[in-house]
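**Student:** Here are the chains, one letter per residue:
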Amino acid sequence: MLMREGQSLRTIPAIAMAGIFLVLGGCATYSQSFRAVERNLLKNDPTGALQALEKQPRSSRDQFLYVCNKAMLLRMLGKFKQSNEEIKKAKAIVQKYSAISVSEQTSSFIINDATRTYIGSPVEQIMLNVYAALNYLQMNDLNGARVEILQEDIRLRALMQDDPDSPLSVDPFARYLSGIIYEDLGEWSDAMIAYRKAYQAYQKHAALYGIAIPQQLKRSLIRMADKVGLYNERRKYEQEFDLHLAALQKGIQNTGELVFIFNNGLAPIKRESSVQVIEPKSGHMIRISLPYYEKRNTPVAYARLYLQSVRPHLKNVPKLVTKTEKVEDISSLEIETLKSQMAAITARALARAVAKDKLSDEASQRNGLAGLIVNIAGVLTERADTRSWLTLPAQIQCARLKAPAGLYSAHVELLDHNNNIVLRRNLGKIKLTTGHNDYLSFRWTSIEATTRN
Amino acid sequence: MLIRKFKLAALAIFIILAVTACATQVQRVAVNKDIDLSGAWNDTDSRMVSEAMIKDMLDRPWFRNYARKHNRQPAVIVGRIRNLSDEHINVRTFVSDIERAMINSGQINFVASSNQRKEIRSERKDQDINASESTRKAMGQEMGADFMLKGSINTIVDMEGKTQLRYYQIDLNLISLANNRMVWLGQKKIKKLIKNSRLRF
Numbered sequence: 001m002l003m004r005e006g007q008s009l010r011t012i013p014a015i016a017m018a019g020i021f022l023v024l025g026g027c028a029t030y031s032q033s034f035r036a037v038e039r040n041l042l043k044n045d046p047t048g049a050l051q052a053l054e055k056q057p058r059s060s061r062d063q064f065l066y067v068c069n070k071a072m073l074l075r076m077l078g079k080f081k082q083s084n085e086e087i088k089k090a091k092a093i094v095q096k097y098s099a100i101s102v103s104e105q106t107s108s109f110i111i112n113d114a115t116r117t118y119i120g121s122p123v124e125q126i127m128l129n130v131y132a133a134l135n136y137l138q139m140n141d142l143n144g145a146r147v148e149i150l151q152e153d154i155r156l157r158a159l160m161q162d163d164p165d166s167p168l169s170v171d172p173f174a175r176y177l178s179g180i181i182y183e184d185l186g187e188w189s190d191a192m193i194a195y196r197k198a199y200q201a202y203q204k205h206a207a208l209y210g211i212a213i214p215q216q217l218k219r220s221l222i223r224m225a226d227k228v229g230l231y232n233e234r235r236k237y238e239q240e241f242d243l244h245l246a247a248l249q250k251g252i253q254n255t256g257e258l259v260f261i262f263n264n265g266l267a268p269i270k271r272e273s274s275v276q277v278i279e280p281k282s283g284h285m286i287r288i289s290l291p292y293y294e295k296r297n298t299p300v301a302y303a304r305l306y307l308q309s310v311r312p313h314l315k316n317v318p319k320l321v322t323k324t325e326k327v328e329d330i331s332s333l334e335i336e337t338l339k340s341q342m343a344a345i346t347a348r349a350l351a352r353a354v355a356k357d358k359l360s361d362e363a364s365q366r367n368g369l370a371g372l373i374v375n376i377a378g379v380l381t382e383r384a385d386t387r388s389w390l391t392l393p394a395q396i397q398c399a400r401l402k403a404p405a406g407l408y409s410a411h412v413e414l415l416d417h418n419n420n421i422v423l424r425r426n427l428g429k430i431k432l433t434t435g436h437n438d439y440l441s442f443r444w445t446s447i448e449a450t451t452r453n
Numbered sequence: 454m455l456i457r458k459f460k461l462a463a464l465a466i467f468i469i470l471a472v473t474a475c476a477t478q479v480q481r482v483a484v485n486k487d488i489d490l491s492g493a494w495n496d497t498d499s500r501m502v503s504e505a506m507i508k509d510m511l512d513r514p515w516f517r518n519y520a521r522k523h524n525r526q527p528a529v530i531v532g533r534i535r536n537l538s539d540e541h542i543n544v545r546t547f548v549s550d551i552e553r554a555m556i557n558s559g560q561i562n563f564v565a566s567s568n569q570r571k572e573i574r575s576e577r578k579d580q581d582i583n584a585s586e587s588t589r590k591a592m593g594q595e596m597g598a599d600f601m602l603k604g605s606i607n608t609i610v611d612m613e614g615k616t617q618l619r620y621y622q623i624d625l626n627l628i629s630l631a632n633n634r635m636v637w638l639g640q641k642k643i644k645k646l647i648k649n650s651r652l653r654f
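Heads up: the sequence lines are chains H and P, in that order.
The first sequence begins at 1 in this note's numbering and counts up one residue at a time.
The second sequence begins at 454 in this note's numbering and counts up one residue at a time.
Quick caveat, the hints were computed from the structure, so don't treat them as lab data.
Just so it is clear, the structure is predicted and the values come from calculations on it, not from any experiment.
Hints should not be assumed to be uniformly reliable.
Derived contacts from chain H toward chain P, CB cut-off under 8 Å, selection only [to be verified]:
1) Gln63
2) Val67
3) Ser101
4) Asn140
5) Ala403
Residues from chain H that face chain P, not an exhaustive set, calculated with beta carbons under 7 Å [said to hold, decoys possible]:
6) Ala99
7) Gln151
8) Val310
Note that beta-carbon positions come from the ideal geometry of N, C-alpha and C, so glycine has one too.
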């Protein structure tokens with residue numbers, strides 16, 4: 001009796017499967033569930049985004065992403081201290097869950113990859129230190145920022161140990177930022193080492209996805225090599241970059257420096273791509289879901305920063321202006337990282353498909369209905385792990401501007417690829433002090449309407 | 454039948470264990486008890502280092518020489534102690550541990566820090582106007598420090614896989630305010646081997 005029922009159920013093809021497809025559409029992946037937050041970000045409204053984030057249901061497995069997103073939104077609201085408290089929580093999660101979990105490995109083998117506790121991609125983990133350091137810099141806590149770059153160094157060294165040959169084991173901006181911080185602290189030999197490492201990292205990354213070596217790094221390398229007395233190295237850089245120290249040093253006596261960080265756009269979003277086939281022999285449905293990155297393109301190519309002295313007698317002096325350069329391409333980094341992980345993700349998905357099919361086979365032998373239920377459950381739960389830190393920018397851009405000490409009013413212009421102005425925004429007053437850096441940042445999250453509704 | 458009973462009992466024990474493991478547990482411990490959780494710099498390190506270093510400082514010849522020459526105890530002030538490590542160490546608690554160790558030694562006159570002095574001076578200014586003649590404290594009677602204690606906390610981290618060797622080096626310098634002479638240089642090192650688990654449940 002049971003056998004007969006099982007056999008009849010084995011051949012249910014079209015109607016039941018159509019039902020499955022319909023239900024599948026209803027199950028949301030992580031990136032799909034992020035729409036409410038994203039909508040607010042597209043309007044450049046971090047307050048609304050933060051409220052949406054708080055309302056979003058979350059599991060303990062995704063706590064890392066919740067605290068990271070919260071940290072980024074708080075930073076956008078200028079709440080640097082609270083932002084760093086969230087980053088601290090994220091770091092604790094990474095430390096706690098870095099060990100491989102036996103139970104989660106098992107569940108990822110029979111359910112899906114998203115059942116594992118998320119602790120961030122290597123890029124995201126490095127960005128924790130980068131943004132914590134930037135937060136400290138904006139709070140004028142140079143020593144706090146120094147602690148972060150030392151932690152970042154340990155993280156980068158661990159990455160290097162895991163995979164010494166991968167260009168992804170070095171991070172150009174993390175090193176460049178370390179150089180800026182060391183230079184500001186007057187620790188010149190450390191600054192020189194960091195700039196040198198940044199230069200090597202940019203060269204490796206340029207070969208991978210074509211990021212240009214920033215002009216400002218070239219200038220820093222020449223200046224710092226001269227300061228620490230590495231004259232041969234300085235001459236080598238001068239020839240290589242076709243830049244000369246004398247020209248770089250013109251008019252920079254008694255000046256302060258403004259480091260302007262422009263966080264442009266939104267990091268790419270992971271989507272799911274699935275293949276569903278019906279195994280002709282058993283009539284079971286097999287589904288394989290894999291993640292892929294979709295870029296969220298920003299219309300803004302770069303920013304122009306203007307400084308105007310607020311002293312009345314200097315009002316007629318022309319404004320100081322500088323243009324930002326791309327110093328970190330988070331989009332490309334994330335995409336390359338996923339590419340490097342794809343072989344392992346695919347192998348796991350295939351192994352899971354085999355395991356799920358075997359399970360439904362075994363269940364069918366006992367009871368046809370049970371077999372069908374196991375098959376449906378297996379297919380329904382086969383979802384790609386689309387988790388990633390979605391409030392990260394697509395790019396970090398930076399500009400450094402030396403100016404005589406004093407009070408300035410700053411404003412920024414965002415320009416598209418055809419040099420048309422997209423936005424003009426006043427950034428308030430900034431005070432530059434001789435021999436020190438002042439840090440200013442601006443975030444723009446509107447992107448071209450390429451995201452799905 | 455017996456096996457079934459045994460199975461039931463085992464299940465009950467498992468459930469009880471699982472439930473009790475979930476509850477938050479708070480246990481009071483002695484402040485001076487050494488507890489290491491993550492391997493990071495903690496109160497035990499701060500206390501051990503400050504006590505050992507101040508003891509070393511007072512055992513050295515500069516102290517006896519000074520007391521003999523000036524016929525009084527030296528007055529010391531704690532200057533800046535820089536955190537050059539890769540951890541967000543609360544330097545203030547370390548400084549207060551050092552101050553405590555110095556004051557409690559009874560062999561040193563201790564001068565308030567520049568921030569504290571500012572507050573006291575403003576109080577004295579206030580007394581000048583508002584306090585009675587008999588209780589008013591005059592200005593210009595402060596005890597000037599003879600030496601300033603400065604220093605830094607450094608770390609060197611070495612690692613291999615999940616094992617980390619953390620090496621802390623704490624340097625303290627005692628500098629004479631009269632002539633910038635460095636009279637004592639103390640160094641304390643702590644080495645910690647931290648093994649993180651590769652597997653969890």
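**Student:** Each hint should be assessed against the structure and marked as holding or not.
**Tutor:** Each hint, compared with the structure:
Nearest Cβ of chain P to the Cβ of H/Gln63: about 16 Å, over the 8 Å cut. The hint is violated. Taken as an interface hint, H/Val67 does not check out: its beta carbon lies about 17 Å from the nearest beta carbon of chain P, beyond 8 Å. Among the interface hints, the one on H/Ser101 holds; its C-beta lies about 5 Å from the nearest C-beta in chain P, closer than the 8 Å criterion. A distance limit of 8 Å between C-beta atoms decides the matter here; for H/Asn140 the minimum to chain P is near 16 Å, and the interface restraint is violated.
At a threshold of 8 Å, the smallest CB-CB gap from H/Ala403 to chain P is about 29 Å, leaving the interface hint violated. Contact between H/Ala99 and chain P, as hinted, is supported at the beta carbon level, the nearest pair being about 4 Å apart and thus within 7 Å. The closest approach between the C-beta of H/Gln151 and any C-beta of chain P is roughly 5 Å, which is under the 7 Å cut-off, so the hint is satisfied. Hint on H/Val310 is violated. Least Cβ distance to chain P is approximately 31 Å, over the 7 Å limit.
Violation of the numbered hints given earlier is confined to hints 1, 2, 4, 5, 8; the remaining hints are satisfied by the structure.
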